[in-house]
Amino acid sequence: MAKKHVSTTINGDEHEFLCHPQQTLLDVLRDELDLTGSKEGCATGDCGACSVLLDGRLVCSCLVLGVEAQDKNVETIEGMSSGSDLHPLQKKFIDLAALQCGICTPGVLVAAKALLARNANPSEEEVRFWLAGNLCRCTGYDKIVRAVMEVAAEARNTQ
Amino acid sequence: MNDMTQTHLERELKIVGTRPERPDGVDKVTGRALFGADKSLPNMLVGRVLRSPHAHAKIISIDTSKAEALKGVKAVVTREDFEDLPSEFVPNGEMVVNFKDITRNIMAREKVLYIGHTVAAVAALDAEIAEKALQLIDVQYEILPHVLEISEAEKPDAPLLHEDMFTIGVNPTPKNASNIAKRVEFGFGDVEAGFKEADLVIEREFNTKPVHQGYIEPHACLASVSEDGQAELWCSTQGPFVVRNFCTKLLGMNRSQLRVTASEIGGGFGGKTVVYLEPLALALSKKSCRPVKMVMSRAEVLTSSGPTSGANVWVKIGVKNTGEITAGECVLKYQAGAFQGAPVGPGAMCAFAPYDLKNVRAVGFDIVVNQPKVAAYRAPGGPISEYGVESVLDEIALQLNMDPIDLRLKNAAKEGTTAPYGPKLGPIGMVETLEAAKAHPHYSAPLGPNQARGIASGFWFNIGGETSSSITINEDGTVGLTLGTPDIGGSRASMAMMASEELGIPMNVIKPIIGDTNSLGFNFVTGGSRATFSTGKTVVQSTRAAIDELKKRAALLWDVDVEQVEWADGHARLVGADEPKSLSLAQLAKEAGKTGGPIVANASINATGAGPSLATHIVDVEVDKETGKVSVVRYTAIQDAGKAIHPSYVEGQMQGGAVQGIGWALNEEYIFNEAGEMQNTGFLDYRVPVCSDVPMIDTVIIEVPNPNHPYGVRGVGETPIIPPLAAISNAVSRATNLRFNELPLSPPKVLSRIAKG
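Listed in order, the protein sequences are those of chains E and A.
Just so it is clear: in the first sequence, position 84 is 83 by numbering that gives the first Met the number 0, and no numbers are missing.
Just so it is clear: in the second sequence, position 679 is 678 by numbering that gives the first Met the number 0, and no numbers are missing.
Hints are not guaranteed to be accurate.
Said to hold, decoys possible - Listed next, the in silico BS3-like pairs over lysine-lysine satisfying Cα-Cα at most 25 Å (straight line):
1) A/Lys208 / A/Lys589
2) A/Lys510 / A/Lys589
3) A/Lys57 / A/Lys38
4) A/Lys409 / A/Lys357
5) A/Lys248 / A/Lys315
6) A/Lys413 / A/Lys437
7) A/Lys131 / A/Lys286
8) A/Lys38 / E/Lys2
9) A/Lys755 / A/Lys208
10) A/Lys154 / A/Lys315
11) E/Lys90 / A/Lys13
12) A/Lys357 / E/Lys3
13) A/Lys99 / A/Lys110
14) A/Lys315 / A/Lys357
15) A/Lys624 / A/Lys409
16) E/Lys2 / A/Lys131
17) E/Lys90 / A/Lys510
18) A/Lys110 / A/Lys248
19) E/Lys2 / A/Lys70
20) A/Lys437 / E/Lys3
21) E/Lys3 / E/Lys71
Said to hold, decoys possible - Now the in silico label distances, taken between C-beta atoms and shown as ranges:
22) E/Leu62 / A/Glu141: 34 to 44 Å
23) E/Lys3 / A/Glu67: 28 to 38 Å
24) A/Gly596 / E/Ala131: 55 to 65 Å
25) A/Asn672 / E/Gln21: 22 to 32 Å
26) E/Ser122 / A/Gly756: 30 to 40 Å
27) A/Leu33 / E/Leu62: 18 to 28 Å
28) A/Lys319 / E/Asn120: 54 to 64 Å
Source of the hints: derived by calculation from the structure; they are not laboratory data.
Model, not experiment: these values are computed from the prediction.
Cβ coordinates follow ideal geometry from the N, Cα and C atoms, glycine included.
Just chain A, with the same shape it has in the complex (with noise of 0.2 Å):
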């Protein structure tokens, strides 16, 4: 099943497509790899952290002294070693971040607005001795009333975690503070008209939790500071450009001064995306003058890093009795956490975005709570807005005893449908996955009993962005690519492969690398599925680049004009001559000191034209009434890739993100008592998705190409994850005959709303 592919791209291709070995993979098997925590250097400290053991409280002072005065403490910083950083918005990918609040969430400053919340960091000669000099300072709290709902955190009266904070997108700009810091909109269309034409309108409410990316590799970086101010980090990062520029600022550092090496990263899905450990490492490395070394423990990362929002979301659709929607609305409230920035924005923009719809409004409000404040979490906002639409139009699809995947063809988004957030869309798949799923055996499957079958559709736009990457065409013809965004799943595979494709010479040939900061110019961030978008471009434009200079050469040995020589094969060939000459690329490399010098090529880009990625999931769950236990029992993910570089690694991405969907529906929330405090930090508790909880999730790659990519790349790391919660919850709805609103789908709520009936 895993090599369905339905591929639409009229080109022959000899490497793109197919399942070639990834260049870093024996370093994977081996344990020859180093991740964020495997290096270390000669007289390294030991860096810890002082959390806060409070949700909100005003921080009245913070006592150093006797941790500093504690033999091997080399180092002690606070709020005190950060200067104070100015209101300033932006964009980080699909996220917005301000670097006024980036500087208090790596250190607290006039307060701590989470139970985890940075305090201080110490740097010493071992583990031990940190943390004993972590109990040695005497911070004096004055505890503040703690706000950790979206119902509590809206009304008028709450605790306000920023005086300052003034709902933005409402007018006239309300007078009083609140802890609504945003209200956003989008959509056309007059949708109380569409809902007066409307058969059947359905709304209803629904509530998630917030989840975290749970990538097995915690938070880990080396800093090091040398006397003269010149800076060295090593880190576990999605963008080390981001890294650098991030700690340069908030430690008024020159670009030119830090350094970032991205190790190797052991999962980041959006969320190591930010900074925490970083600034910290190198502020305990700038004092002490030796490198410093800060891994998160699991605890740790749970409780302060990621997640993404828990949310309320409400949802009305209109439709006529033929399933044509008439009109679609939502108000999405999501948690940003302690600092605004709740991925509400594009939550809005995608909750409709799969259909072609004459009139929709989306609403989304940001708002801030007492817990950790929320990081991307692969297609940030998209699952959970998503959710309660698909959810909303499976019960429609029920009432109006239609199948619900021919509901969701009649108005399904095609090219040249306006999206809800403004643009025409360009070539997408939503109506090639909706039919692959409507043919694909496992649609008309038989069922076992308490067994049901829900299926549900995901939309998420993809991002470009920022990039640069070079090539090198070594002296006997071998090439080396620099890259600039880390692999994070394989894309060193599907660059090399892109390479050997333009120059027509074996991938085993082509060396990628993941350049360092001062190696290439500024790249984005591995996220928003722009890695095999964006970087692919800057590789097919630098090869094609070196081509160009690999047949000057040999126009220059061959004395003819550049005109007279063409590509293929790996070879220059002299074209409309009367004795066919050929050069291979090792014999041009071989020459090129004597043709002008090494042949080498840059590409930077803002990369724009990212296509949208659509996927349609199947999904068969068994509830055990008795328990209210939920089992997958089978699962096949179909989605548009525009065009799979390596397939193996798309059906990986498209395999993995069903998997976090399913554990998001069925198992993950954060769960905090009434002090605030986050009770299930563990991977015991915060249960993910283990090997025995899942099946085999089949896979069709459908490829409509992306006109913007020379291969049609659309991007595919993030839309896995948007079906599977409604997809999921309308089976479970299916099998018990009851609609559930609520996530996740856990035993005791399970088996709560089955007692409600």
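Isolated chain E, as found in the complex (with noise of 0.2 Å):
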């Protein structure tokens, strides 16, 4: 089949890219515009790992079309630092060790960052729920949640 052409932003800049109709978003980003922050644990949409922001809802770029990203506004990990300045979540997750191996990491952040913009208080148990669709093998989630929580008290008391 013939590829489509798709405009689109992605972090900021506009950009436009040919695919297959059935191509997902996850592999275009990956393959098309060697954007491979994102990460393919399963391309099932169990995994969390290829986590994006699509017009601000966060959604697995692995379920969702090339093509459907047409005038819409991507954001991705690669976006999420400014500079040289890092995302506060970026920093603490770096400083309390919340990431062993780094591959779900950038899905994490992603995730949490959309928690963060709905939810500026958000409880352990809503950390918890929100990111039970990125799976971590390494760190057994501990040092994440607290991470994020403190990141979010940060943010509430720099208010």
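Mind assembling these two chains? They're in different frames, but the hints should get you there.
Shown next as structure tokens:
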């Protein structure tokens, strides 16, 4: 089948790409645009390693077609820091050792950012249920949950 | 709670034991770090694998002509492309491998032995073409009866996976072939006499299912073989040197022809210590003379890599009314998958190792079945056997009306105890972890309705092995470290910290990298909890050699004897002179050209003296008797680390291991249909713990230094997966007043046990 032309915005920059109609957004990001920060752990929407924001909504990019990005705003892990300033979540994950191998980390960070955008004061239970779609096999989640809650608390204190 | 560290090490340290940022932290939170599937090359092809649809069948013929004729297909490989290799057993850490089997596992030869067994591989311009080509390969099979369970496989009339397999370890060697590859036995004393001395003897049988390591990153590699036979391989692995040695052997190459570079690794837990795609990608690249990238799907990871053994475990323990164990005996039957090599040896060695016993016997059987070949999984073999022993001990404690920690303290192994597998133990922290557990507020906290508390201990010996690393003093006094064990969970940080401590310079001017297979001598894998221990030893040794060289350079500049120079806080200092003199590392580095050239040191060793790490875990569960659901409501992991170089990453190992153990205990299992086909080949049904399944995991790090490491390191990665199985099972048993002897404790199984009463 012929490739489709797609115009979209990724991390604030306008992009155009050609993709097969059946190609996932994850494959487009990784294979066509060299944005390999989003990872494929399952390709079935179960692990969350490919989490991105699509017009502000948290999605598994392996369950979204590349053509669905037309006229949308895509945010990936590559757009999380600004210049040399890491996002507070990124800093806190390093400070608290909330990552070991790091393969789930991009997806977890994107998902956590989406949580804090809609809930500035999440309980531990809310953090755990929000991140239940992001599998981590290394950390046992303890330090991830602590990092997200600390960032939320610090953001509230500085407001 | 995460800061609780009990230390027994007498040495003032500035960096070791603190919690600095890891050197690769920014790369990993920005998406910059490159994992196995993240690299591509110009002119690259995509590789795909044809897998067996049958659990057991003879391969009559393979016709690849139609696939080869498909436009866009550049290479097809089958059994014809790999030389047969004779039987040769090679130790691979805690596991043993046989090249005759490896070559048959990466590409089926005479028979397919499990659903998912590789039959052919294709390289094409894109994935769509490659997948179309797979469908054009015509394989004729003669289907054979298969066997999935130990109870069937061990029968004399069971279908045979290998007609030339005769049980090793029984005298005389049997005349008939069987699926029992080997028998092992460890122990000493007279168990029969010991049981006669006992006031109480309990024997129980346990069953566990195969479980997968469950790393989130599927196996992935990128191979490029040029026209002159020089090859490059990029892959996600725990051991690039092992990959090089396996692949060159399988492909008939010299080791110098293949350079392996380890990508960042997205989890391994033992499962990335062997090869699957790597030799296929190399063979396809060799045939096509183009780079070939191969990545497994999640279903392929589950059906065709890993897992660890399902098992049948029988345990008998005798005690006096005082709680003193008079004898312990176990028989372990572990599934190996399609080729021998279940981790039953280490399982048998560790089963009773937390305890000081006079009479002990552990017998193990390694049994092949038509399932994927098992691979190492975090403390391979240990969780299964110790689950049985720790469960029986809990029942004994209940029957003696004794505190389960007191029962263990009464029998705890100590320095000087003879381990069931032979040697006398050095200093170990069993007693310390038990005492810390008893003193922990968790142990005396009140419980809610339908809740109960379980405890269990765990022993793992840890390993050393061949290791090589190097240090380079840069011209400005900064430092490069080249390491040969991939950083799977923060080891770059611990290595840089040890070098920083030795040199007396800030950690952030030390850059640790993982070298490729051309940059260092052979390194065994990151596995066996050996990286911080073994690579740490080489880092300290090479750093001290560099310091010796720096002192020589200072002596040259001052025109004094080297004995008059000492090293402290990043400076060479002249001692015993009228006028104090000192030169910083940066000054010495700047002058290196005039004093003999660049300053570099390497340390290459076969590390010995790994220290066993012991743990005790406390868990509170709540059992919903209507649904059978078990919730973990509180968890505390206590472990002897020897010395925690970077406590955050030690805690991380303890927390991650505990949660993997929770998954093993409560949810995870391979489910096969009658045809031998795995029914739960995705994360939806093969359910590893998710964030909302678990509570915070409190940790207490105990530090009983290992005398065989300059900072006392034992290695901590594996032990924490051992106690959770029994701790949770014991808690569920206490919550329901029923004994549970089967894992996983998934809702239907718990419900049916409650119904049975």
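Now the hints, each set against the structure:
1. A/Lys208 / A/Lys589: violated (61 Å)
2. A/Lys510 / A/Lys589: holds (18 Å)
3. A/Lys57 / A/Lys38: Violated, because 37 Å separates the two Cα atoms, which is more than 25 Å.
4. A/Lys409 / A/Lys357: With a Cα-Cα distance of about 13 Å, the restraint between A/Lys409 and A/Lys357 holds, given a limit of 25 Å.
5. A/Lys248 / A/Lys315: Violated: A/Lys248 and A/Lys315 sit about 44 Å apart, past 25 Å.
6. A/Lys413 / A/Lys437: Holds, because 18 Å separates the two Cα atoms, which is no more than 25 Å.
7. A/Lys131 / A/Lys286: Answer holds: A/Lys131 to A/Lys286 is near 19 Å, not above 25 Å.
8. A/Lys38 / E/Lys2: holds (24 Å)
9. A/Lys755 / A/Lys208: Given that 25 Å is the threshold and the Cα spacing comes to 21 Å, the pair holds.
10. A/Lys154 / A/Lys315: Judged against 25 Å, a Cα distance of about 24 Å means the pair holds.
11. E/Lys90 / A/Lys13: Holds, at roughly 24 Å.
12. A/Lys357 / E/Lys3: violated (75 Å)
13. A/Lys99 / A/Lys110: holds (13 Å)
14. A/Lys315 / A/Lys357: holds (15 Å)
15. A/Lys624 / A/Lys409: violated (34 Å)
16. E/Lys2 / A/Lys131: holds (19 Å)
17. E/Lys90 / A/Lys510: holds (20 Å)
18. A/Lys110 / A/Lys248: holds (22 Å)
19. E/Lys2 / A/Lys70: holds (19 Å)
20. A/Lys437 / E/Lys3: violated (65 Å)
21. E/Lys3 / E/Lys71: holds (16 Å)
22. E/Leu62 / A/Glu141: 34 to 44 Å: holds (41 Å)
23. E/Lys3 / A/Glu67: 28 to 38 Å: Taking Cβ atoms as reference, E/Lys3 and A/Glu67 lie about 31 Å apart, which means the hint holds.
24. A/Gly596 / E/Ala131: 55 to 65 Å: With a Cβ separation near 57 Å, A/Gly596 and E/Ala131 satisfy 55 to 65 Å, so the hint holds.
25. A/Asn672 / E/Gln21: 22 to 32 Å: Distance hint for A/Asn672, E/Gln21 holds at roughly 30 Å.
26. E/Ser122 / A/Gly756: 30 to 40 Å: At roughly 39 Å between Cβ atoms, A/Gly756 and E/Ser122 fall inside 30 to 40 Å, so the hint holds.
27. A/Leu33 / E/Leu62: 18 to 28 Å: Since A/Leu33 and E/Leu62 have Cβ atoms about 24 Å apart, the given range 18 to 28 Å holds.
28. A/Lys319 / E/Asn120: 54 to 64 Å: holds (57 Å)
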